[in-house]
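Visitor: Each protein sequence line maps, in turn, to chains A and B.
Final position of the first sequence in my numbering is 465; the numbers increase by one with none missing.
Final position of the second sequence in my numbering is 748; the numbers increase by one with none missing.
These aren't lab readings, by the way, just hints derived from the structure by calculation.
Heads up, some of the hints might be wrong.
Stated by the list, open to error - Selected chain B positions facing chain A (in silico; Cβ < 10 Å):
| id | residue |
| --- | --- |
| 1 | 537 |
| 2 | 552 |
| 3 | 695 |
Claimed, not checked - Within a straight-line C-alpha distance of at most 27 Å, the following computed DSS-like cross-link-like pairs (lysine-lysine) qualify:
| id | chain 1 | residue 1 | chain 2 | residue 2 |
| --- | --- | --- | --- | --- |
| 4 | A | 406 | B | 491 |
| 5 | A | 357 | B | 701 |
| 6 | A | 396 | B | 701 |
| 7 | B | 701 | A | 406 |
| 8 | A | 142 | B | 492 |
| 9 | B | 725 | A | 357 |
| 10 | A | 282 | B | 735 |
| 11 | B | 729 | A | 282 |
| 12 | B | 491 | A | 142 |
| 13 | A | 406 | B | 492 |
| 14 | A | 412 | B | 701 |
| 15 | A | 282 | B | 725 |
Ideal placement from N, C-alpha and C gives every residue a C-beta, glycine not left out.
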Amino acid sequence: MPVKRVQKTPMPERNAVLRSHDFEEVNEGYGIAHAKFEAERCLRCQDAVCIDGCPVSVPIPDFIHRVAAGDMRGAANVLRESNPLPAVCGRVCPQEVQCEEKCSVGVRFKPVAIGYLERFVADWEMGQPPTEINNKLDRAEKVAIIGSGPAGLVCAGELARLGYPVTIFEALHAPGGVLRYGIPEFRLPKDVLDWEIEQLTKLGVEIQCNIIIGKTITMDELMGEMGFSAVFIGTGAGLPTFMGIPGENLNGVYSANEFLTRVNLMHANDFPNADTPVMVGKRVAVIGAGNTAMDTVRTALRVGAEHGMIVYRRSDNEMTARVEEHHHAIEEGVEFHWLTNPIEVLGDEEGWVTGLKCVRMQLGEPDASGRARPVPIEGSEFVMDVDNVVLSIGNKPNPLLLQTTKGLESNKWGCLVVRDEGSETSKDHVFAGGDAVTGAATVILAAGAGKDAAAEIHKDLCANI
Amino acid sequence: MATILEKRPLTPVTKLYKVDAPLIAKKAQPGQFVIVRVRHDGERIPLTIADYDREAGTLTIVVQEVGTTTRQFGELEVGEEILDIVGPLGMPLEIPVEGHIVGIGGGFGAAALLCLMRELRARGDKTTIMIGAREKELLILIDELTGVCDNLELCTDDGSAGYKGFVTGRLQELIDGDGPGRPDSVVAIGPMPMMRAVSEVTAKAEIATLVSLDPLMIDGTGMCGGCRVTVNNEVKFACVDGPFFDAHQVDFEEAVRRNKMYVKQEQESKDRTDCRKLAVGQS
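Okay, chain A solo, but in the shape it has when bound (with noise of 0.2 Å):
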């Protein structure tokens, strides 16, 4: 029976001082008397509405019910089967804005911890001994994937489950996507990334790196002579925005892309026995607040720098990146600039980055995203002392693809075009999902769009037949 107990368990944790200078996951996970705790929580609603908060539609009292019940293998073949990554999604979602946030109990009391509860079933699934999985890929219409990302690898696992022969085509020399260069290893560990991975491929998807589609494959060709039926675009937002204020060429001024690229792909922060380097000095400003940001100033922190700043020109209130993760920053030392908007990179005679010239914001009407707008304070621009600033204000999908492929339509914002809110583009045949459709979102909405495509993509090869 449930169990009225207002508050969540608490996740354990590292602490904070010694976890801020190391990569090692902060949190630590639900060991089982955790889980089962917690999943007596759980309302049992006959009208289930917090399964309308997940974008991948997580039976989530049937999971729950299992674990409460102690039937671990019963709740993760129930997870698997509605969300392929449930590993990455029970440690990466912002479940306090989906899931959580419509949870019956959290009406009175904090909400059931859906999240905890489904990465620590994923993680008891990845300590057991593995499995055969014996997925037959009976159908006849090949798929291709294009981004390895969440959005590829959920609609590629989807299909395979349903027979296809799916081929993903990775443009870095590793799998992943944004779950590889983007989200650190404190909050994602690779090995995690890897076992989900390492699930997929156990269905039978293929996963070719160091392919670009558009470059080193046209999609024409994939489509024609390399015969494949279908094509799922999912390639995501990775094109970094600048500001456009002066002295952002400075050395020492990083995207947040390439400064996460740097240590999560290249493992920058084992320099130098990894050969790629990342320039931290003491100092680090990152602008921005949004999920990005917060990985990378705590990024900043593990590689050595004494100061990690957060310089954003709204509030905390307008900040989009998940409670968890703020709160994780401001336990690791991170210091918060908010109403504070960077005008200028300042640097001296030899290029290097030594200041920020900033101006003092305040809040007024709220703006077309809903959020107050914020507006100058006159005459109080002040410099603030750093060796390093990383911008992290958002990516744009990459053009690389459009610009190779006939046929295929974008908006303004350089986002493809798709029909009828689904995921079918202007070219046929040829889907897409995620980020490289909505501009820069969540690993989630990806992976919804990922899942919702396969079905689109299994209903148009079946009536092709």
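Using the hints, position chain B against chain A.
Guide: Leaving out everything else, chain B in the frame of chain A:
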């Protein structure tokens, strides 16, 4: 992965490789590059495609051993694999002007002129290749380059072959009407100071000039922005917008400065590699 089919030393620090990379060879066009990684935890570095053979499915690349990764590359032998290779990247070279085209190669940059000048010659342009180095022994690919152009001009600082002096000196002579005569367009590939000097000469003579910029890169697909350069007061990504830019619009000072960003770390990395080798030697 790509297997090394041929390896040939050109100078003590420069080697030519022919590698088996049919997918890339099929798409490669003059001026494009690949990104390679030689070992796990190794760097990703861009290398210009010197030549390609679509039918044989091979790429020719020339590597000068200057840093950790290029030195690791130099240790690869025929039959061994390049761990990762991806491409072709960047925009192919486009020279709108027809007529007398002079391709200038400094140091190992000369290699990049191979397929480039052959294509221009096939288009019907009058082609001159001008290569420069400190001394005769450091001039590379003379035979191969002779075969892809109408005139080959050699320049050495010490006068041991061809013109005595920098390529810019000989270029000025051509502009003044000597030898094959005034160029209608110039493309320069090589060390930044050489490209900058060429640019200054051609700017005065008002000759359209392209240079091939080689800033630091990670992904090579526009994702990191590390390769940003300022051209005509606009920020461009050399990996996707380049590598060729209008020489007279390039902010060379910034490009030179940005390429020196990791000088200290590069030395540290070299030292680390040497330590590793010593340790292996002892065991």
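Visitor: All hints, please: hold or fail.
Guide: Hint check:
1. 537: Holds. Min distance 8 Å.
2. 552: holds, 7 Å
3. 695: holds, 6 Å
4. 406/A to 491/B: Distance of about 20 Å is within 27 Å: holds.
5. 357/A to 701/B: holds, 24 Å
6. 396/A to 701/B: At roughly 15 Å apart (the allowed maximum being 27 Å), residue 701/B and residue 396/A satisfy the hint.
7. 701/B to 406/A: It holds: about 24 Å lies between the C-alpha atoms, which stays within 27 Å.
8. 142/A to 492/B: With a Cα-Cα distance of about 24 Å, the restraint between residue 142/A and residue 492/B holds, given a limit of 27 Å.
9. 725/B to 357/A: holds, 25 Å
10. 282/A to 735/B: holds, 24 Å
11. 729/B to 282/A: Holds - the C-alpha atoms of residue 282/A and residue 729/B are around 17 Å apart, at most 27 Å.
12. 491/B to 142/A: holds, 23 Å
13. 406/A to 492/B: holds, 17 Å
14. 412/A to 701/B: Holds, because 19 Å separates the two Cα atoms, which is no more than 27 Å.
15. 282/A to 725/B: holds, 20 Å
Hint check: no violations occur; every hint is consistent with the structure.
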